[in-house]
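Chemist: What follows is the residue order along each chain.
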Amino acid sequence: MNGYLGVDIGSISTKAVVIDDNKKIIASSYIWTEGNPIKAVKKVLNNIKEQLEDKNICIIGVGTTGSARKLIGTMIGANSIKNEITAHAIGTLSLHKNVRTIIEIGGQDSKIILLEDGIVTDYAMNTLCAAGTGSFLSSQSKRLGVNVEDFGTIALESKHPTNVAARCTVFAESDLVHKIQMGYKKEDIIAGLCYSVASNYLNNVAKGKKIKSPIIFQGGVSKNIGVKKAFEQILKEKIITDENGHLMGALGSAILSMNNKLKEPFSFKISDSNFETNAQECNKCPNHCEIIIVKKDGKKLDAWGNRCDNGKIAT
Amino acid sequence: MIIILTVGIPRGLLYYRYETLWKEFFNNLNVKYIISDNSNFKILKDGKNKCIDEACLSLKLFIGHVISLKDKCDCIFIPRIYSLEKTEQVCTNFNCLYDLIHNLFPDLKIINYNIDVKRKNTEIKAFINLGKQLGFNKKDTIKAYKMAKEKENIKQTYIQNSAEHKLSSNKKKILLLGHPYNLNDNLIGKTVSNYLSKNNIEIIYSYELPKKYINEYYKKISPKVHWTMNKELLSAFMYYKDKVDGVIVLTAFPCGPDSLTNEMILRKKGKSKVLLLTFEELSSDVAVITRLESFIDMIEGCVYA
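Chains as they are written, first to last, in our numbering: chain A, 608 to 922; chain B, 2 to 306.
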């Protein structure tokens, strides 16, 4: 049987799925990137390999997405390297045909995608600021001494969520310290944080966009039931979360790879190879481009980052 | 009277608005001039080091261009513009540019002119003054100015006609909206326009809007726009928005007037597809490319199998 592999390498987590010809997920893996996308990808590939061991699957297409899509795509020989917006839209559409709004909050990106009749009509991503994303929540959780995974359930215990200024992570932190010293309950503060993530998202990323239901909430933060509840309260609409919500980007890139005519069998042996990346500054003109060189077992595989031909590196 | 040998023109800010007029004017008077190179990271770094951190990216680049020129010419040409229309104003950067550079580099010789239509300092008066600084009499200066103005008009008409022509292209069309000094800058707008051209997109620039529409179309958004240059942007947006497949709004961070008009655009865009790109001192284009790639996917709408 044929299979297609999709890998979504985000700033915080790395996700991979294998689908069959009917776009059904037959294997999946979800781990932390921990600042090392190459190691993370090797780990997810090993996870996937174990899951497929007793099944007779031949992977003939690989797609990558996420912020490390280019690096990993080069590494594992992907036939589709696509941005997160497109991958998420396609992945979600394959499961929820009539979705109108996708709310996605990840580690450092947050985005909104609006669809109509299965076509993206509008989208937005956070611009320069990462306030209200997953990294905001995890940095606050450290301050409160609570696991970020427990945030949602703790938030639900609160009866009177506290107002926390979440416009900016730095100011939110000082507001938070103030509230703790004033003697506010922990669950009220956590519920306040979840609420502020939702309102911050709606005021920044989703500003001026008409949010129509069905609304699907995805990304790592969608696992936080407190934020989901906050969205439901503010929007007064039902919010759908999917147990596979975190895999939508990977699913989308697997489908994109399936749609690509150029196919090549993929071997898990790749995770035994030794990959290295090297950043070097090109000094051939005043631009000083930073060039990334990827090496496989000591041999140059690809290089990018140069703005002009001066910085081209033969591979 | 001082004889000026070579005039240095920084490739930034107003240069992109008045390129033809300035070059032709200096040519007509046989004044030698040099223009700084295209923006690069060294220029940005030098500008950043000399500039207050709150200034916009475009101003930081401009200062970098001045630094790159100052040892290669005898004087730098930095005009001051306060108002181009009686009841309007331009960004305060253009009001203070002369004084700013003078304060940063007190030893640098600067030639300039001052346009402030509010106080009856018109463009022709400004150029007569400029001619005087260069050692030319009024008659020769006016002649040189008029000839240069004519060339500028011809070039603008040509650009505007070709923009109208581009509208009938079969390719997907994107309006690139922003100040010319951002759209044409090597580090800012070129990243975007190069990527779009590579993907077979027809680009229409907001400054290609035919002149006759500038004072007309913005009224559909707001009856009065105080900032002349942003008024032009709003007019371009309202004129083109239904004629193109998508609009990319390009802003240098932080821009005061843009923050106001970008908000107006986002609120009044209706069904048109708008992507807002904010440029800061990023060292990599990855974030920009991700947004462009998904924007093109969206307007082409064909990858959704």
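Hints in this document: simulated from the structure, not taken from any laboratory. Wrong hints could be hidden among the right ones.
[Said to hold, decoys possible] What the simulated footprint calls covered on chain A by chain B, stretch by stretch (three residues with Cβ under 8 Å from a Cβ of chain B suffice, anywhere in the stretch; the number is not a length):
no., segment
1, 661-668
2, 689-697
3, 727-733
Bear in mind the structure is a predicted one, so any value in this text is a computation, not a measurement. Just so it is clear, CB atoms sit at the ideal spot from N, CA and C, and this is done for glycine as well.
Chemist: Does each hint hold? Answer for all of them.
Modeler: Hints, one by one, checked against the model:
With 0 residues having a Cβ less than 8 Å from any Cβ of chain B, the segment 661-668 of chain A misses the three-residue criterion, and the hint is violated. Given as covered by chain B, the segment 689-697 of chain A passes the check, having 7 residues with a CB less than 8 Å from a CB of that chain where 3 are the minimum. Counting residues of the segment 727-733 of chain A whose beta carbon lies closer than 8 Å to any beta carbon of chain B gives 6, which reaches the threshold of three, so the coverage claim holds.
In this structure, only the earlier hint numbered 1 is contradicted, and the remaining ones agree with it.
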